[in-house]
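Novice: Generate the whole structure from the sequences, applying the supplied hints.
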Amino acid sequence: MTINPEVKDISTDYEYGWSNPEKYAFKAPRGLSREVVEMISKAKDEPQWMLDFRLKALDIFYSKPMPTWGADLSGLNLDEIYYYIKPEGMNARSWDDVPDDVKKTFERLGIPEAERAALAGVGAQYESEMVYHNLKEEWEKLGVVFLSIEDGLRQYPDLFREHFATIVPPEDNKFAAVNSAVWSGGSFVYVPKGVKVDIPLQTYFRINAESSGQFERTLIIIDEGAQAHYIEGCTAPAYNSDSFHSGVIEIVVKEGARFRYSTIQNWSHNVYNLVTQRAAVYGNGVMEWVDGNLGSKVTMKYPACYLLEDGARGEILSIAMAGRGQHQDAGGKIVHFAPNTSGSIVSKSISKDSGRSSYRGLVKIYEGARNAKTNVECDALLLDEEARTDTYPYIEIEEKTARVGHEATVSKINDEQILYLQSRGLTGDQAAGLIVRGFIEPIAKELPLEYAVELNRLIELEMEGSVG
Amino acid sequence: MTQPLSDHLAQHTGPDWLTAKRKQSFDLFDTLEVPHSGVEAWKYTQVVIDFGKLNPHPKREAVHDVSALPKSVQERLSSTDVGAFLVLDGPDVVYRTELPAELTEKGVIFTDLKSALEQYPDKVQQYLYSVVPAEVPDDTTIAAPGTTPSKSPDPSEGKFSAMAAALWTNGAFVYVPRGVEVALPLGSFRVMSEAGTFTATRTLVVAEENARVTFIDEQDSEDLPGTYAIGAVELVVKDGAQLRYVSIQNWGKGVTHIQRQRGDVGKDAVLNSLVVTMGGTLSRTEMQSYLRGQGSDSEMLALYFANEDQHFDHYTLQHHAAANAHSDLLYKGVSDDRSVGVFSGMIKVDLGAQKTDAYQKHRTLMLSSEAQNFSVPQLEINANDVRCSHGSTTGPVDQEQLFFLKSRGIREEQAEKMLVTAFLEDVLGRVPLQSVVKYIEGIIAKKVGAA
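Protein sequence lines, in the order shown, are assigned to chains A and B.
Per this note's numbering, the first sequence runs over residues 1 to 468.
Per this note's numbering, the second sequence runs over residues 1 to 451.
It is worth saying that the hints were derived from the structure and are not from the lab.
A hint or two may mislead.
Unchecked claim - In silico DSSO-like links for lysine-lysine, alpha-carbon gap of 27 Å or less: (1) K417(B) with K373(A); (2) K174(A) with K56(A); (3) K174(A) with K43(B); (4) K44(A) with K174(A); (5) K64(A) with K151(B); (6) K417(B) with K400(A); (7) K361(B) with K412(A); (8) K412(A) with K355(B); (9) K400(A) with K253(B); (10) K361(B) with K446(B); (11) K23(A) with K86(A); (12) K23(B) with K114(B); (13) K438(B) with K71(B); (14) K174(A) with K151(B); (15) K361(B) with K373(A); (16) K361(B) with K151(B); (17) K400(A) with K361(B); (18) K373(A) with K332(B); (19) K196(A) with K141(A); (20) K44(A) with K23(A); (21) K446(B) with K400(A); (22) K43(B) with K64(A); (23) K361(B) with K267(B); (24) K59(B) with K23(B); (25) K445(A) with K196(A); (26) K332(B) with K253(B); (27) K43(B) with K400(A); (28) K43(B) with K373(A); (29) K406(B) with K373(A); (30) K332(B) with K438(B); (31) K42(A) with K174(A); (32) K86(A) with K44(A); (33) K412(A) with K267(B); (34) K400(A) with K332(B); (35) K400(A) with K406(B); (36) K412(A) with K151(B); (37) K86(A) with K104(A); (38) K136(A) with K193(A).
Specialist: Below, the structure is given as structure tokens:
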């Protein structure tokens, strides 16, 4: 992704905070109801089973209480949200067919340029629908499927139905239920046996309207021995009233396959970001989550690896940065169902200006998952006296041969390091930025170069004025 | 209202303030539910209890000779080196020894709470309920303005402390005046002897400024199906004082043990605690250090061995409310057979508690795949210039060590027992109380041998 030269400072002015005038094909009334759900289903011309599924999920949503743990959600007014906003122009394969202002949005975000330069395929979601989705021909020829989720349902109904909602059922949690009821947009990805997609696929999510909700649903199936890397990015305008993003990401990593899912979440500071992401990993498969949470007002997101067969491996790299008014409640889950499975969670968080970052995680080893191993490492960096960090790890062991370790440390920026760097001619901000970049380096180096640069730049912007 | 319990409440006598406090606590108890699995602090432990059928443990006659005490108590007393002790059977004291005269002369008080209410009413009124009140203490961390707040505790976490506050019958009272050091430990030995009953006890230890004292709180009984021991232990550690508290829970099978132990630690004061959990069927022991004063220090140690169908839950708190305080926690546990072990520990650092140095370590040894172990080591940090870290490890007996011992001709079963014993006794190396350590080693040996 290229760096937008107009950008100055997001600690006061979020750089993606502009918005377009609202021009929509369709906007559902505020709030959630059976009518809204039926409206969405009808607008998408769905099979009956999907409508039934949505309505059942709506009941589950109503029946579940708000979580009693995690972040403070008392400011989230679910009745004020627009649950479905359909933009003009739908799911083009060429940027020329995307409506002008929407296209401009993504141009400002650098998406088409990134697509040309470094990506195998790009999806772009604007409000509730994908407005663009394209996969380069060479990958299409190999049988790779990269579609909007709606097109996935239409074009691959059997494959879709075989996996949809099997990894994250609506019963899983209240926000998975609301997503199941009103889901719209997201990607459908299938990588055939043995195919190795060696450059990333990317989807970009943009909320534009005030008080809108975005409920994308992504289903990714990596067949035996295949490999792929998927990246999602997200931004929204900075409105006074809050928006609500609640995605569900389901991933199947079949035997011997390898998949990486990277997120650079940079929602504006008025977005409640409550996401359920989970991968089912089969024999000797490897799933990697790289999860960067920088934006949003409140994030609750714990990418999960369910290690279902012998030798499966899950890795979670989580990085969170919380500034004033933000709460990043992030982490990860590794659940061992089978023998010889292994996992690793590395979490790095940075808090400043009364921002709060929390690590929340689960390691669970079921009886019979012999010789399972997982290691968890959480490091928190506190930049000033008001910053806050928490660690809430849950370790549940039901197997004698399990080996689980968890370690967490908390530290502040070392004054001596700052002084040393200043003596070498760096300003206080530059010095602090350098130290923070060093702190997150183990995670940044796992990202493709363009994203690592972007991540570093975002952090640098957040660091401005943090050291006097 | 819970009928047999409210009758029980009516039987308590005492000063008006206490009667009012009991009544108030009982009303709270009556409105609260038993914590369910949705309450984070009780996520892994559910207590099944029918308050409507709960009868108080009958009162036992006081005896004047050790030989009239239950055999296990006699045995235990023969090897203790405590300077003075109380023996409680069920609700009340059945035997006691007096403090050496030199300590009494210095103003040290060691008696039971009921007697203390008559003899030292002001002191009791001043401190009772000050550390462990009826309701759950609100340890919500103090954060910077604008920070997303922490969740407050669930009121139901006060269910059993409210019960203990309303219905306590007796327990030890220790008071050590300013600057006085009590060299020998003081202790209470609690037994129960009637199945299908409950006891509620309360212990209050006050160490005034720069005082020094050790208190040992032991619980032991035969197997007693359907029996409940509900307790509260209040530890007041004033500026510069040092208090060492040891709790050894070795109830018989069938006993449900629920006890909140909490220390209020002043400036430059030190609270050392050791929690040993071996007995009972369901055990929930909370150990909380509230580090109120600058430069205060708390060492928190524990060891447990759960086997058969035992369910042990240890809940700990290191609450750093002041700057420059230090805390160090080490809990080690073994899970065997179908047992369940729970550790949830929390380090809290309030805004402004700079230079906090807090450490928390939980280690578990798994001996059986039917056993379950849940470990939740947590941090909530609101100050930046701190050193806070925690670690939790769970694993089987070290295979290399096992192999080494086997290569020396030791049978595998024996070798495993040696390693388990060494794993637990590691904690005891930090406890300078010879006789108690020896006693604990004896309990470990018995339990490991039976495993």
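Novice: Decide, hint by hint, whether the structure agrees.
Specialist: These are the hints, each one checked on the structure:
no.: 1; hint: K417(B) with K373(A); verdict: 24 Å, holds
no.: 2; hint: K174(A) with K56(A); verdict: 13 Å, holds
no.: 3; hint: K174(A) with K43(B); verdict: 19 Å, holds
no.: 4; hint: K44(A) with K174(A); verdict: 24 Å, holds
no.: 5; hint: K64(A) with K151(B); verdict: 19 Å, holds
no.: 6; hint: K417(B) with K400(A); verdict: 16 Å, holds
no.: 7; hint: K361(B) with K412(A); verdict: 21 Å, holds
no.: 8; hint: K412(A) with K355(B); verdict: 11 Å, holds
no.: 9; hint: K400(A) with K253(B); verdict: 24 Å, holds
no.: 10; hint: K361(B) with K446(B); verdict: 26 Å, holds
no.: 11; hint: K23(A) with K86(A); verdict: 9 Å, holds
no.: 12; hint: K23(B) with K114(B); verdict: 17 Å, holds
no.: 13; hint: K438(B) with K71(B); verdict: 19 Å, holds
no.: 14; hint: K174(A) with K151(B); verdict: 19 Å, holds
no.: 15; hint: K361(B) with K373(A); verdict: 19 Å, holds
no.: 16; hint: K361(B) with K151(B); verdict: 24 Å, holds
no.: 17; hint: K400(A) with K361(B); verdict: 20 Å, holds
no.: 18; hint: K373(A) with K332(B); verdict: 20 Å, holds
no.: 19; hint: K196(A) with K141(A); verdict: 13 Å, holds
no.: 20; hint: K44(A) with K23(A); verdict: 19 Å, holds
no.: 21; hint: K446(B) with K400(A); verdict: 22 Å, holds
no.: 22; hint: K43(B) with K64(A); verdict: 18 Å, holds
no.: 23; hint: K361(B) with K267(B); verdict: 25 Å, holds
no.: 24; hint: K59(B) with K23(B); verdict: 22 Å, holds
no.: 25; hint: K445(A) with K196(A); verdict: 21 Å, holds
no.: 26; hint: K332(B) with K253(B); verdict: 22 Å, holds
no.: 27; hint: K43(B) with K400(A); verdict: 22 Å, holds
no.: 28; hint: K43(B) with K373(A); verdict: 24 Å, holds
no.: 29; hint: K406(B) with K373(A); verdict: 25 Å, holds
no.: 30; hint: K332(B) with K438(B); verdict: 18 Å, holds
no.: 31; hint: K42(A) with K174(A); verdict: 24 Å, holds
no.: 32; hint: K86(A) with K44(A); verdict: 10 Å, holds
no.: 33; hint: K412(A) with K267(B); verdict: 25 Å, holds
no.: 34; hint: K400(A) with K332(B); verdict: 16 Å, holds
no.: 35; hint: K400(A) with K406(B); verdict: 20 Å, holds
no.: 36; hint: K412(A) with K151(B); verdict: 25 Å, holds
no.: 37; hint: K86(A) with K104(A); verdict: 18 Å, holds
no.: 38; hint: K136(A) with K193(A); verdict: 19 Å, holds
Going down the numbered hints, you'll see the structure goes against none, and every one checks out.
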